[in-house]
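Visitor: Just so you know, the sequences run in chain order A, B and C. At position 227 of the first sequence the residue is numbered 227 (our numbering), and the sequence of numbers has no breaks. At position 389 of the second sequence the residue is numbered 1389 (our numbering), and the sequence of numbers has no breaks. At position 158 of the third sequence the residue is numbered 2158 (our numbering), and the sequence of numbers has no breaks.
Hints in this document: simulated from the structure, not taken from any laboratory. There may be inaccurate statements among the hints.
Computed footprint of chain A on chain C, listed as stretches where at least three residues anywhere in the stretch have a Cβ under 8 Å from a Cβ of chain A [said to hold, decoys possible]:
1) 2053-2062
2) 2090-2101
3) 2305-2314
Where a beta carbon is used, it is the ideal one built from N, C-alpha and C, also for glycine.
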Amino acid sequence: MLQYTIKRLLLVIPTFFLISLLIFVVLNIAPGRPGATGGAGQGEQQNQEQKESYRIFKEQFNLDKPILINTRFSLTRDEVRRLIEVAYNLDGTALARDRIKAQEALDDYREYLVRHLVELLDDPDPAFQRLVVNQLSVSAQQPFRNDRRGSEERRQRAREENQRIGAENLAVKQMRLDADASPEEIAAMVQAWKDWYTPDKQERYTFTGREKLSILLLDTRFAKYWGNLLYLDFGLSTVDRRPVLPTLLGKIRYSLSLTTIAVLLAYTIAIPIGILSAVRQGTRLDAIVTVILFIMFSLPTFFTGTVLLKLFSEGDPFAIFPTGDFQTMHSDPWTTWQTFKDIVWHLVLPITTYTSVSLAALSRYARTGVIDVIRSDYIRTARAKGLSEPAVILKHAVRNGMIPILTLLGGLLPTVVAGSVVIEVVFNIPGMGQYIYNAIQLRDYNAVMAVLLASSFLALIGILLSDLSYALVDPRISFD
Amino acid sequence: MADLESAVDAPVAADARQEDPSYGEIVWGQFRKRRLAMACLYGLVGLFLLAVYAPVLASNKPFIWQPAGEPVQFPWFISLFDRTFFENQVDLFFNTLLVFGTIIAIPVAVVFVRTRNRLRRPRRAARSRALVAGIGAFLLCFAAVQAFPVQKQKEVFPRIQAQLEAAGTEVRAVYPPLPYSFRDGDIDQIGQPISRAHLLGTDNAGRDVLTRLLFGTRISLTIGVFAVALYITLGTIIGSIAGYYGGRVDALIQRIIEVVICVPSLFLILTVAAFIENRSIFHIMVIIAAVAWTSPARLIRAEFLRLRNLDFVSAARAVGYRERTIIFKEILPNAIAPVLVAATFGVARAILIESTMSFLGLGDITVPSWGQILNTGRTTSDWVLILAPGFAIFVTVSLLNLVGEGFRDALDPKLRK
Amino acid sequence: MALLEVKDLKTWFYTDDGVLRSVDGVSFEIDRGETLGVVGESGCGKSVTAMSILRLIPQPPGRIVGGQILFEGRDLVTLPIKELRKVRGNDISVIFQEPMTSLNPVYTVGDQTMEAILLHQSVDEDEARAIALDMLKRVGIPAAETRIDEYPHQMSGGMKQRVMIAMALSCKPKLLIADEPTTALDVTIQAQILELLQDLQQSEGMGIMLITHDLGVVAETCDRVVVLYAGQVAETADTGALFDHPAHPYTVGLLRSLPDRAPPGSRLYTIEGMVPSPQDFPTGCRFRTRCPHASEACAELPPVHDLGDGHRVWCHHPLSREDARALTAERTEGGWQ
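So that you can see chain A by itself, here it is in the shape it has in the complex (with noise of 0.2 Å):
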């Protein structure tokens, strides 16, 4: 049991890392931008300002990698003088797609392209060294570090050399040139960008075999966010510019509070209801507790939600609960117990939804597990004892009949942390259901990719969880 429960633990690792691969390539080639909106896209119209931001936007989040392979140290002088010509249309014919995309390349190449650029800078027209100098400004800035974690002194050397990167950014950024550059500019500055290409930034910019299989599989997306997630560090919000797990913890306590009451709730009214239609089944009793079961099983969330809302807090007819919301906000200081009846009385219609929706779900689980065992035969042994009909049931039946429907509290795991979404968007509770939706239509994507990862590790751990709490209550059941 101690081993399998060992290996099966060793086993989410690679499962999770597989789950963070799917959901990463997913949100990642689901067409749109992340966080971005109107950011980028719209090439010369667009004012240097706007664009320079929107680079480091880029950069800030790792979109200027490629998402899981990086082949980019592979780029050859000829492209990269077909990626200017197509961006800066210089022949004329490029579409204007085309010449979007071409943009978008050379801000994302960075230095695979200042190696290249300095080559070019040979180039006998002076335009086109006017925009080589021009890209070299760009892409020869480099990188800051992430200076949000490890111990003190290591943040505190990582901002050092940030503030190192931010001068000699400042000074590369300053050499570039106007449209209205004379010719003896660009050649000077042609020449200054010469002398900036020291041997030492030769070596930097030139690639080892084995520097490029590391670029291959360490410069991408995915490795830089796994990087950050070993240290659960899951990146800032594109939106607030905040580290997203302080938002995200903040966030639980709503979603738990509201779930776990409505789970407990909706299993021990659940259990007795399922076993008493299970034992009485046939009967007038069972047919009236079935249809209800049937009706509130059938009814979607996000209905019984909005006609409770609108019945008991809109005014129409009643307004005796809050219209939403997890707590009243207020400024003189409440008791606790003031706190605690708030809390409540806002909880009172979420907590009923919830429990109505799984509830009828939990019920028929117990209804048909007591029914397939009722028919058993060690039931008709048990009677054959003389046992007496209760403890026929509680004793022989439930204790089988309730086997699955104990475990599925395992797979419950993820929604009682992450909450539900309709009903946390219906009663407007600050939970994590409302978080990953307004999230999601923000195009928050590293919010976005911290929900799904969270929820799919509890769901892994949930399954576990089940499949040993199965061992536990089923002899039958055993792993070695």
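The hints should help you fit chains B and C onto chain A, whose structure is shown.
Guide: Okay, now just chains B and C, sitting in the frame of chain A:
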């Protein structure tokens, strides 16, 4: 003729009558005994017919249109294949069903009725021939509709009629019972309460709610059926491969399934939907299918693992059938039953998922989906807009679930008495 | 007074397909210390009869619609359920046909054996365990001290059936109903179990109702036999008399189809046709559709003929002693020629 037929059949009759009913016929016989499930099946058929014949009930194009002194026109009929009026492929499909489907259904029905009293084997053959021919003919028609698009009218007939009559011209026009468009609203009619003209009132864009509900049936049924068909096919293929070959292939597929199962499906569906620009209901079907294929795959795999060691498979292998033949001709028909039950519940679930997406504003905003109507009801706080689509979803989902339960019970040999 | 007296028992099932008269007017009795064999083909109502005695018929769809079951003079059909529970497992015990599924998989063998003891005897848990252990040893479970804490799935079919027997006998019942106790087991274990039952019967003096379709088992273990056909009694007699001169054509058919009576190489005798299903039992004599002696008179309910010594037969054309002997012997002689 009848004598001749019976004379031909007579010699075979003796042993043909002994012929056992097929598995499908046994299940159908069991299903027919369940009155509630049967009633729900009829309900579903009714819902389907409502979806097909929705334009007959509701359209702002008149069947007949004749201003005084002009020739008779039939705008309603032309509008059925009009890309500017019915923008969506779903509507075109249903309209093809409405026109050509009805025409094709008649001879097929005739074949079914005439073979009613025949013996099992010839009846089965004749009926399946008729069905295949009918479906083929329909697909041809649909292809033709695709190939020759009609783009015509933008006129709003009721308004033109009012103008003409105001100008003193007599107009002869026959409208469907609900002379409204599901798409275009009337700005003068925004937020109307329930009245004789608008049985369920109008929404915040002045559109007749009943008309929109009616056309929403098309959307829900399409999403349900196609998404499920898609993922059942996908899951069945993957599950069969895993279950039949076992070993390393199975282990790999199992791992993939495990990974997909762990990802929270609603979150993922919503996310992907939100990231797609101009999403249509086809995107939504594909997204649902991409997440849901794991459950039929697991079901089929389990059935295969059970079946592949049974004698009839060994026999097929001994005879030297090809692997593909064994998988698809020998094992699959025996393993498919639980999947078909799951499919019925799956349609209900897909409809729920789609309406949830639309409710959250992440569906196809160009179609009159029930979830979207309900969302309008929530934001405008209009009881009719909440209750009517809610009821429609509830009824559809209930019918499907009850039929599914009927099928499950019919398949369960334990319940057979 | 007989230990158990079943009079005109009728157990019907009310299903979607109509009323199934699975047991339709069955009467017999069992004395103390006696073993009664109940034989018949599958579906003839043997098990339903047995389950009816302790009212263990699944209800609905089943219902006892008529008759009496007198146990020591008390009618179990009308006995309040509370009183009946004191009989169940205490005065009357049952061994079921399916040892594989008749034990609860989530409790240990010991727990399940102790359950009845704790219920019916005023003992504490340790004493109950001692009794259970003793019982398990007596039914021949090796290493009972350790096996008492095992779960059913850890045991073989034969072991499980022994546990079932131990459970049934743990309260020293006056009547043991054994419903095909050996069908699911292989031959060597069958013999052991039957021997075990006989030993225990001799030491405890209980009555046994042994339900089986195996006439060989009946010949070896039973004092008297009841032959059931389609929910009704066809014939009842002492074992010796029944095997020597059966009077009902059905019994003759059963005996003639025994493989060990047929010489090697000869074809086995079979009764024509199949047991009718409970929906369409024939009127009158239910065997008449398959009976070689059937006449028009058989459409009427058959009369009972008392042939003396408790040998009774329900038939319009009972066979004479000589005819019966000739018929059951014919096979053997014919085979030798």
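Visitor: Which hint numbers does the structure go against, in order from smallest to largest?
Guide: Hint 3 is the one this structure does not satisfy, whereas the remaining hints hold.
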